[in-house]
Amino acid sequence: MLKKFPNLAFLLILFALLSGSLLQAQQRFPKPEFDSGYVQPDPTQPEPRAMALEYFDVLVLLAVLSLASWFAVKKRSRRGLLWLSVFSLIYFGFYRDGCICSIGAIQNVALSIFDPGYAISITALLFFVLPLLFALFFGRTFCAAACPLGVIQDLIIINPVSIPSWIRKTLGFIPVIYLALAVLFAATGSDFIICRYDPFVGIFRMNGPFLMIFLGVTFLLLGMFYARPYCRVFCPYGVLMGWMSKFSRRHLTITPSECIKCKLCEGSCPFDAIEIPVDKAYRNPEVSRKNLKKFILYIVLIPVLAVTGGWIGSKSHVFMSRVHPDVYLAELMISQPELREDEENLDIQAFLESGDTFAQLVEEAGVIRDKFRIGSMVMGGFIGLALGITLMNQVVFRRREDYEPHKGDCFSCGRCMDYCPVEKDR
Amino acid sequence: MEKKDKGHSRRTFINNGVRLALGVSVVGTAAFSVKNSASGKDYVWQIDPFKCTQCGRCATECVKATSAVKCVHAYALCGYCDLCGGYLKPGAKRETGAENQLCPTAAIQRKFIEEPYFEYIIDEDLCIGCAKCVKGCSAFGNGSLHLQIRQDLCVNCNQCSIGSSCPSDAISRVKADEPYKIKGDWIKEEES
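So the protein lines, in turn, are chains H and A. In terms of this note's numbering, the first sequence is residues 1 to 426. In terms of this note's numbering, the second sequence is residues 1 to 192.
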């Protein structure tokens, strides 16, 4: 009997040495037989959030999107959008802790496409698809009233400054790169960078690591003067939303009927998303000829940029692949073999304990790196292509005689509608 | 006037075409993503206790300030020892090296059952998921103490931040209707 087992310490050590993983399923100390009628309790297993509630979230999203689109396009109510956005902030942000969100769902979709072992949840998929489809028909109403990350920034805009167009356009290219990187890292199963660097989720949870909270507060402080900094300079989902919204069937309009060009709305948009009439510039033959030359140059440049991007991308694949923990570990163990002796290095110690051979690890890392070889090339090509198209768009002037929202950039917040003095035609 | 209308209708045509293409690609992506997935079930994160190497990162890497990972006691495996590595027995000496396995927050409490057996209970409000007791129990005991993600505390992040820094890849997605891998009723062979 093992009544007082301190006496048997030597036996324990012997056991520990002999048993290893073989005896893991067996017990070192036999289960006691109780005389007192004691019954072993079962470990408690608190349930996760019920599935039904997840589907309810999708319903809420659908309702919010429908209402937002109605407020923006049909009812023309800034107030309606505002209150709806407050609801979304409370529900999707503070109540649902900001997860799952449409922005992060990009990664789930990317991973599910490239990794057959990963099963995407219907909730995540619908969170990805629904806002895009709504944008295709009504513009970025999701950004206006359903996205908690957007709303939290929208509500604290105090004194937005207008930024020169070229800076805006340059900064506006960062989300494209972010999107490309996020898809690459998600598709290769390396990391979910959108979630890792989500600035506001810590605030929604009112709990989180220092860096997360710090990032969130910084964005909010900045957002008082540069309206919606995350949406305009980082949000990768905004890129997709912009594409959809640009070709949307209907879209929020500043004026309910005929624009009288009173310029009252000009300063109303905190996001510089109102386009002023370009009539005169458009008709100036000299400007127009210059633009045509540039246009042709950029058209020729697009394939060159795409190929260059792809080339740079494929050159960077070794560097990129280090984001994947297995590749990182394999490289570390090759370059610094002495670390095997380092008790402090948990990753290496855990690997050595796991029983996998080093050759296996290197082989796995090689497979992942091959994925990166293709992935980085596609990513680079995509960035190059997007850069070319962005450049091309700079010189394409559409005849515009009225004040209109820029369909790609407009968040459909509805501020401009309140400034328009034109009464609705009956 | 006629010319303007023509331009307008051409633009409408292009817009409609692009919209259709975008719509098809979004729906197509979604369909492909569903087709490629094994099932449309919801998933939660859980630790495989047999892969866990008790590195201690569960306590520090969770997005929640007190980790959603807690020590769970599989009573079915417990030897009900008088001496438990994580539990500070009153009057025990504290310079033997064994104190390194002690629970730093004194979250392990015990109840006398009958001579010589004791039941060990984890106070989950105090437990920080540091795995010190798990290390001791796995090395010198039955391994009845082990870490699990408590699903009522876990916010089910899209990507588990402990999981991405876990050195032994012990954290993975499991189906939401079987959210635990508690030792005893869940065994290693079953999974593989």
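Worth flagging that the hints you see were computed from the coordinates, not collected in a lab. Treat the numbers as computed from the prediction; the structure is a model and nothing was measured. Treat the hints with caution; some may be incorrect.
[What the hints assert, rightly or not] Derived CB-CB ranges, DEER-like:
1. H/Tyr95 with A/Asn100: 52 to 58 Å
2. H/Phe210 with A/Ser9: 55 to 61 Å
3. H/Gly267 with A/Asn16: 18 to 24 Å
4. A/Ser172 with H/Phe56: 24 to 30 Å
[Unchecked claim] Cross-link-like lysine to aspartate or glutamate pairs, in silico, EDC-like; alpha carbons within 16 Å at most:
5. H/Lys261 with H/Asp402
6. A/Lys135 with A/Glu99
7. A/Lys51 with H/Asp356
8. A/Lys175 with H/Asp97
9. A/Lys64 with H/Asp347
10. H/Lys31 with A/Glu115
11. A/Lys135 with H/Asp402
12. H/Lys31 with A/Glu99
13. A/Lys175 with H/Asp347
14. H/Lys407 with A/Glu119
15. A/Lys35 with H/Asp115
16. A/Lys51 with H/Asp347
17. A/Lys51 with H/Glu353
18. H/Lys263 with H/Asp115
Ideal placement from N, C-alpha and C gives every residue a C-beta, glycine not left out.
Results for each hint:
no. : hint                              : verdict
1   : H/Tyr95 with A/Asn100: 52 to 58 Å : violated (42 Å)
2   : H/Phe210 with A/Ser9: 55 to 61 Å  : holds (57 Å)
3   : H/Gly267 with A/Asn16: 18 to 24 Å : violated (34 Å)
4   : A/Ser172 with H/Phe56: 24 to 30 Å : holds (27 Å)
5   : H/Lys261 with H/Asp402            : holds (6 Å)
6   : A/Lys135 with A/Glu99             : holds (12 Å)
7   : A/Lys51 with H/Asp356             : holds (12 Å)
8   : A/Lys175 with H/Asp97             : violated (21 Å)
9   : A/Lys64 with H/Asp347             : violated (22 Å)
10  : H/Lys31 with A/Glu115             : holds (14 Å)
11  : A/Lys135 with H/Asp402            : violated (71 Å)
12  : H/Lys31 with A/Glu99              : violated (25 Å)
13  : A/Lys175 with H/Asp347            : violated (27 Å)
14  : H/Lys407 with A/Glu119            : violated (66 Å)
15  : A/Lys35 with H/Asp115             : holds (12 Å)
16  : A/Lys51 with H/Asp347             : holds (13 Å)
17  : A/Lys51 with H/Glu353             : holds (10 Å)
18  : H/Lys263 with H/Asp115            : violated (52 Å)
Checked against the numbered hints given earlier, this structure breaks hints 1, 3, 8, 9, 11, 12, 13, 14, 18; the rest are met.
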